[in-house]
Structure formats: structure tokens, C-alpha cells
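Q: The listed protein sequences derive, respectively, from chains Y and L.
Per my numbering: the first sequence = residues 269 to 723.
Per my numbering: the second sequence = residues 214 to 489.
The hints are simulated quantities; they were obtained by calculation from the structure and are not laboratory data.
As the structure is a computational prediction, the values presented were derived from the model and not from experiment.
Since no wrong hints were added, every one of them can be taken at face value.
Dumping the calculated DMTMM-like pairs for lysine to aspartate or glutamate here, alpha-carbon to alpha-carbon at most 25 Å:
| hint | chain 1 | residue 1 | chain 2 | residue 2 |
| --- | --- | --- | --- | --- |
| 1 | Y | Lys283 | Y | Glu520 |
| 2 | L | Lys411 | Y | Glu316 |
| 3 | Y | Lys313 | L | Glu382 |
Beyond 12 Å from chain L on every Cβ pair, some chain Y residues (computed):
| hint | residue |
| --- | --- |
| 4 | Lys320 |
| 5 | Val334 |
| 6 | Met582 |
| 7 | Leu600 |
| 8 | Lys689 |
| 9 | Lys710 |
Every residue gets a Cβ at the ideal spot worked out from N, C-alpha and C, and that includes glycine.
Take a look at the letters that make up each chain.
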Amino acid sequence: MAYKDPDEMVFGHAKFPVSEHWDIQFGAGYVVPEVKVAPRPGTEKDLETLKKECVSIAEQACERAVGIGIPFFMLEQEHVFQQTYNPKWAGEITAAQAAVLEKYHEEYGIKVALRQTVADIRVEEKKPGLRGSDYDNRIAETVEACAANGASDIAMETMGGKAVLDYGCMRGDIKAILFGIGVLGSIDMEYVWTRNVKICKKYDCRPAGDTNCSGANTLMFVAGLLLDKNLPHTLAALGRAIAAARTLVAYECGATGPGKDCGYENPIVKAITGRPMAAEGKDAVCAHQDLMGNLVAAVCDVWSNESVFHDQEMGGWTPAVWLGATANECNLMNVAIQAGQHKILRDLYVLADKYRDPQALILAYDNAWRIGRAIVEYGKDIYLRARAAALEAGRIIKEAVEAKKLVLTRFERDALEHAMKVLESLPTESHRFIEECVREYKRKVPTFDPKSYEL
Amino acid sequence: MAYVQLEPKIDWSRVAIRYNVVVEGPAIKPEEDPDVKKVLPTEEPFLSVAMGVLYGDMEKTSEAVKKALQEVDPLAVIEKGLVKGMDGVSILYAKGLYYLPDVMLSADAMMEGIRLCEEKLGKPTKKKAKVVSFVAEGDPHDIGKNMVVMFLRASGYEVIDLGRDVPTETVIKAVEEHRPIFLTGTALMTTTMTQFPKIVEELKKRGISVPAFGCGGGAVNREFVESYDMSVYGVKAHHAPKLADALLAGKTWKDLRYEYIKVVGEWVDAYADRAR
Chain Y
269 MAYKDPDEMV
279 FGHAKFPVSE
289 HWDIQFGAGY
299 VVPEVKVAPR
309 PGTEKDLETL
319 KKECVSIAEQ
329 ACERAVGIGI
339 PFFMLEQEHV
349 FQQTYNPKWA
359 GEITAAQAAV
369 LEKYHEEYGI
379 KVALRQTVAD
389 IRVEEKKPGL
399 RGSDYDNRIA
409 ETVEACAANG
419 ASDIAMETMG
429 GKAVLDYGCM
439 RGDIKAILFG
449 IGVLGSIDME
459 YVWTRNVKIC
469 KKYDCRPAGD
479 TNCSGANTLM
489 FVAGLLLDKN
499 LPHTLAALGR
509 AIAAARTLVA
519 YECGATGPGK
529 DCGYENPIVK
539 AITGRPMAAE
549 GKDAVCAHQD
559 LMGNLVAAVC
569 DVWSNESVFH
579 DQEMGGWTPA
589 VWLGATANEC
599 NLMNVAIQAG
609 QHKILRDLYV
619 LADKYRDPQA
629 LILAYDNAWR
639 IGRAIVEYGK
649 DIYLRARAAA
659 LEAGRIIKEA
669 VEAKKLVLTR
679 FERDALEHAM
689 KVLESLPTES
699 HRFIEECVRE
709 YKRKVPTFDP
719 KSYEL
Chain L
214 MAYVQLEPKI
224 DWSRVAIRYN
234 VVVEGPAIKP
244 EEDPDVKKVL
254 PTEEPFLSVA
264 MGVLYGDMEK
274 TSEAVKKALQ
284 EVDPLAVIEK
294 GLVKGMDGVS
304 ILYAKGLYYL
314 PDVMLSADAM
324 MEGIRLCEEK
334 LGKPTKKKAK
344 VVSFVAEGDP
354 HDIGKNMVVM
364 FLRASGYEVI
374 DLGRDVPTET
384 VIKAVEEHRP
394 IFLTGTALMT
404 TTMTQFPKIV
414 EELKKRGISV
424 PAFGCGGGAV
434 NREFVESYDM
444 SVYGVKAHHA
454 PKLADALLAG
464 KTWKDLRYEY
474 IKVVGEWVDA
484 YADRAR
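Please model the complete structure; the sequences and the hints are all you need to start from.
A: Structural data, given as C-alpha cells:
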């Protein structure tokens, strides 16, 4: 554990800060606002149109940044399919966006960062699967093209284990969720991130990190809001804890942070690694509504809007508007740091959401730390540590329910009880669990290909 | 933690109310719901079959179906047992008493039951109609499509599932070959959903039409979907069979756009302006 005491964890500070070009640091005593905007539909039709769109996004963000006096910010470009599929496009667009950021950096001295998030376009059921396919090779080439053309860092949202996870998500099957995210997701992460780190090291580009968007966020979105009827929120919370054990793999492979914004599991990962982390919450309502919009800001180092259409709002175009929103929040956090009141603000963020939902509860920094500690007890055993994370998250929820601080529906309570029983009854040897799951889910999930995980 | 000392000072009713707990009714057994009672069979062997489905228990459903097949016709087992159990599940899902995993497990149980019945029959049973489903080219996110497929199959439709990352030509060929009552496409990304109007353009070019092309998924919205013909914005996966049923009853894609809330029988934010 990077932190011996959870109280040490606070926004804007990481045990191991990260520096990137254009003079920016992460986790070095300030929180960096981030903006991310999705290119308009149709702009993917050719390289020139998409490049123009991405340059325009960068220019608008830079212009608003200097217009409202932002000292630093991160621009993230999440790739559309065509961008990752065509490494040449990725390289040229990265270079064009980097040129915009560099111009503002030189002219105003503003600290900037350009994150390129390479899309995971692999399709498990298409031969030869996740490893060595044309899609996979193009991903590697695109990572290199971005790193070589001015990206400050590379992030990804890898999809390993998704076929089994989706099966588990739709059936409330905690064993499938554990196997999909905790085992298959972790195996795939090691494959992808060993390669990403190797590529990034050749350039002035940080291998930042990954998020279990394809797994834990799928659970969160399917679970939905309080009145939705698709998945118990208690199960989504257990899935989130499992995801921390999986997202950790990127850092074990040499990723440096800052972690990716939609990785809601990041507070747990930060507790273990001490690496800076991005987060999103109340200023990401343009993309989706969560039930922890304040709480997730408590220990972040980058504060993001997640994503928004490139469009006009009353306050201007979205790159400007949403950078304004994230920057306003960061201003508050950074003033709190300067005034020595940051722990008070952190605690208020936590209290605003802690008992709104079990998914929020387990990410309160003291609970995140507990889950982190449960994970590290099992070292590098990807199965046992993921299982331990889920069990600890379950215990945290039950304690809060018993203390009458968190109220759950019968459905949420029953689902938690059932999941805990299943988790407790699972094998305590990894190989047994994995063999059992390969047999079971190969039969139940036609798109699951064990060979993609060398199983 | 310092904040733990602050907790007792907070009146949580001014911070967060879990309305799902507030509105939760008393616990009842699924078969005791008055509306479910109305659809469940009262006689054996159908009751055991329907109960297996209602509880999402594949093993019990299989056993009950095998036993039933020794004494009654496979079509009767499907219609009077399996389908009735699934009708009960739909009622409970609509009331918020069942959740998606319950529906999925029940659908799995029902499909297994149908498989056993078809095995006995020696041929597939007649389906309501054909539907073609796919995920847009370049898009690997298929959980939404998988839910749509499951809901449609559980409602008696034959679904041609083209999978994910599907090129336009493959979709067109499937439409030409199967002439579906309904085509469904899902996309998570703004830049992959642009395939939908291209498909419509290509269908028109070849002089083909579908009664409706349901489009939905992460970044998809009504405004975009209604910018091209034949389309209807699909909001939730479980709406798919209701839309298909409406098409079978003669509704058009234009009708579905304006009668969406009525057709699916529940409040849908995306169509709030057309609620009345």
C-alpha cells in the first residue's frame, strides 16, 4: 500500500507525481482540469475532416483556458474507430492537436497536456481473437503513432473479459463478473500494457493507464439510477471493487498515471499505487449521471467532464463550456490546497454522496483504502485478489446497512447476500477456479475465446 | 477519519433519499401477484412448467418439460406452460418486481424448454416473424444488442443475430435474404452510429424497405435517428418486442415515432414531448 493511512489520501497529491512535457505535473500539489469532446458524427469520413474537427476542439479549449485564466489543463482525445484503425490518421491528428497546445504553451506559458486514448477495437470472436489480429496490430501501431507525434500520455479502455462480463451482468452472475473482469480482464491488461509501456518508453510520452469502462462501467450503466430495474446496485459495487484489482495491472506493467477519468475504481488503485488518478463526476453529467458526483472528486488529481458532443451550447461551444466547468471545480480544490483546507473539502465531497448508493460508499477514500489492502494481501494472484476486493466491498456495505447508515431495497440486500455466499464458496486456488470457469463459460458464452487469454 | 465525526451532524434527508426503498412494496411470492395469477395455468403438467420459467430455474423447467412431454403435445407445453410462465415474468418486470437478471434467467429457462419441445416435434416451432439485429461497424459494444435479441426471442421472434462490428453490406444482404419485420441496430459511439443512415440510403438505392429500423445505444439520440427514414429511436432493450408486435399489427415506423409511449406502455423521457 502506497498509503499507510487513508487520511493521507487527498486530491491533488499523489505519492508518485508524474511530469509530462509542456511543464505539467500530476499529483504534485494541484488538480488539473480535463476536457474531452467527441467529434461530430460524419467527421470521421476522411482524415482531413476529422483532423480539422480535432484541431478545432483543441483551439476552442485553449482559447477558453487563456480567456478565463486557467493555469493548466489536459485535453483528452478519445479515438473514434477510424482514428485507431488508421495509425496514419492517429499520428497526423495527434501532431496537429499537439501543435495547437504547444503554440498556446509558448505564447502564454500555460501548462498543457494532450492525452490520446486509443480505442480498443479488437473483437474477441473474430479470428484470431484478441491477440495478433489485424485490429490488435493496428492498435499497437496507433499507440506508437500517437507517442511519436506529441501525445503527452496514452490511455486505453481495454475490453478483455467483456464477453463473459456481459453474460454475468445480464444474469446477475457474480462468478461470471469475477471471472470476466478479475481474471480475463487482468490477463488481457498484462498483454496490452506490457506492450504499451514498451512503446511509450521510446518517446517523451507516458503510458498513463486504463479503466474498466467495458466492465465495471457497464455494470454501473446497466444498474442505472435508483428506480431502474436492471441490475442491483450492490452487484455493481462488487464489480467495481473487482475492477480495481484488474486496473491495477497496468501500473504493475509500468504505467505511471494519471489514471483514466472513467475508472471509478481509481481511488482504490491510488491507495495501492500512489499514482495520480483522473476522475469524473458532477461535471460529467453531459455524458452520464452517476450517484457519486462529489465523492469521486475526493482523491483525484485530474478532474474531467468524461465526454460531450462537439456542439454549441448557450455558453459557447462544448470544448470551451466544459473546460470552464471542470476548471471551476479545480479552482476550488486548488484554493483549498493553498489555504490548507483541502482535507475539509475532501471530507465534504465524501459526505455529499457516501450513503446515496452502495457504489458510492465503497469508493469513500477510507473504504477504498480497505479494499486496496484486501487486494494487496494476495499479491499478484489475479483471482484471489479480485475475490478479496469483492468480499471486502460486500463487508463494507453490510456494515453500513447494519449501522443503519445505508438503506437498501430487499432486492439489493438479497442480491448482496447471494453474491457473498457465492464468493465465499468459490475455490481458494486460482487454477481450480479458472479451469472451472473456462469449462462453464466456454459453453455458456459463444463469443468467449479462451485462446485470447492463453487459457 | 475526521469526516466520520461530521456524520452525526448531517440530516441525510436533506442530502440523499433512496426513493427505490421508499416505494418498495411488501415482499410477495411471484406467483401470488394478482396479475400473474391470472396468466398462470392452474393444471398440471403446465403449472410446473410455467413455475420453472417464472422462477428462472432452468433445471426445474427442463425436468417439468420432459415430464410434460410424456403426456401432452409439445406445442401445448410451449403455449400453455412456457409462454404463460414468461408472460408472468413480463408482468413482474413491468411492475418493477423483477429485474433484468430475473428476466434473463427465465428467458434462458424458456428457451431450453422450447429446445426440448422442438426436439420432440422434430422441427422448429413457428415464430411470430423475423428480426435482423446487429451492432454498427467499428463498434465492439454489444450488450445492448444482446439484450434486444434476448427480449425478442423470449417473445417468440426469430432473430437473425449478425453480431458486432457488422459492415453495411452484411446488413443489406441479411435484409434481402430474410425480409424481416424489424431491423435493429445499436451503436455506442457517435462516429459508428453514422452507419445507420448509410444503411437506409443503401436499402433505398436497392428498392428495399423494412417496416421499421430500430436504432439505439449509448450515444444515439432521437434527433439523430429521426434525421433519416424508416427509423425509430429505440430507448430500452425491453421495448423491442413491443415495437415488433406493433409492426405486426400494422403500425409503421412513422406511427411508432409518434405513439412510442403508448406502444411500449410506459413513460419514456426521450419521447416526453409526444406523450399526449
